[in-house]
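Chemist: Sequence:
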Amino acid sequence: PAQMEQAIRKFLIHRRLIAAILVGLSVATAISAVTRTPDTREVVVAARDLAGGKPVGRGDLVTRRLPVEATPAGVLKAEDLSGRVVAGSMRRGEIFTDRRVVDPRNLGRGQVLAVVEVPTATGELLRPGDRIDLIAGGDDGAGETVATGAEVTMIRLQPDSGSAVLGVTTTEKLAVQIAEISITHRLNATVSQSQ
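Under our numbering, the first residue of the sequence shown is numbered 3, with each subsequent residue one higher.
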């Protein structure tokens, strides 16, 4: 019985010691998690509000360090932005990604950027990535579909003239047809698919 009591005492002492060590480790881990500086990444953001369709200049860029978890996919470096155009209006502090700018010189094989003027109200409802159908309206009120499923890559609102200029990615042949018909007809757009 004395040996048994001694063994039980040793077990209880060791158990208390192990429990105290575990509590200490969990407190240290919690403090470390709360005070640890998150991993950061340098990103390029808009230095000011930018209008859609505006070429990106050096004065439009500023770098910031953000937590890695807060940075989206497709982040671009400052050198990647040379020659690019803002796809749609950007707010100061927004991160430059491959979806926020477009390179009119490099849209993909067989693709060109067609420029289309539509009413401001239509442009305000669209966003880069939308796929639209372009409709030409004549003076008689009849409409004719000119293009289907063209992707909007850039939007520039021009409220003073009551219009919005869209950059749409399409084939060279279709871009020529759009340009020709826009000389004699008003164009409008309907969304056929959003990204």
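Just so you know, these hints were derived from the structure itself, not from any lab.
Any given hint could be a false lead.
Listed next, the in silico EDC-like pairs over lysine to aspartate or glutamate satisfying Cα-Cα at most 16 Å (straight line) [claimed, not checked]:
1) Lys79 with Asp105
2) Lys79 with Glu119
3) Lys79 with Glu96
4) Lys79 with Asp100
5) Lys175 with Asp162
6) Lys56 with Asp105
Source: prediction; values computed, not measured.
Chemist: So, for every hint listed, does it hold in this structure?
Modeler: Each hint tested on the structure:
Our distance criterion of 16 Å between C-alpha atoms is met by Lys79 and Asp105, whose separation comes to about 14 Å. Our distance criterion of 16 Å between C-alpha atoms is broken by Lys79 and Glu119, whose separation comes to about 31 Å. Distance hint between Lys79 and Glu96 is fulfilled; the C-alpha atoms sit about 14 Å from each other, no more than 16 Å. Our distance criterion of 16 Å between C-alpha atoms is met by Lys79 and Asp100, whose separation comes to about 10 Å.
Under the criterion of a C-alpha separation no larger than 16 Å, the hint pairing Lys175 with Asp162 is inconsistent with the structure, at around 31 Å. Between Lys56 and Asp105, the direct Cα distance comes to roughly 12 Å. Compliance with the 16 Å bound is thereby established for this hinted pair.
When held up to the earlier numbered hints, the structure conflicts with 2, 5 and fits the remainder.
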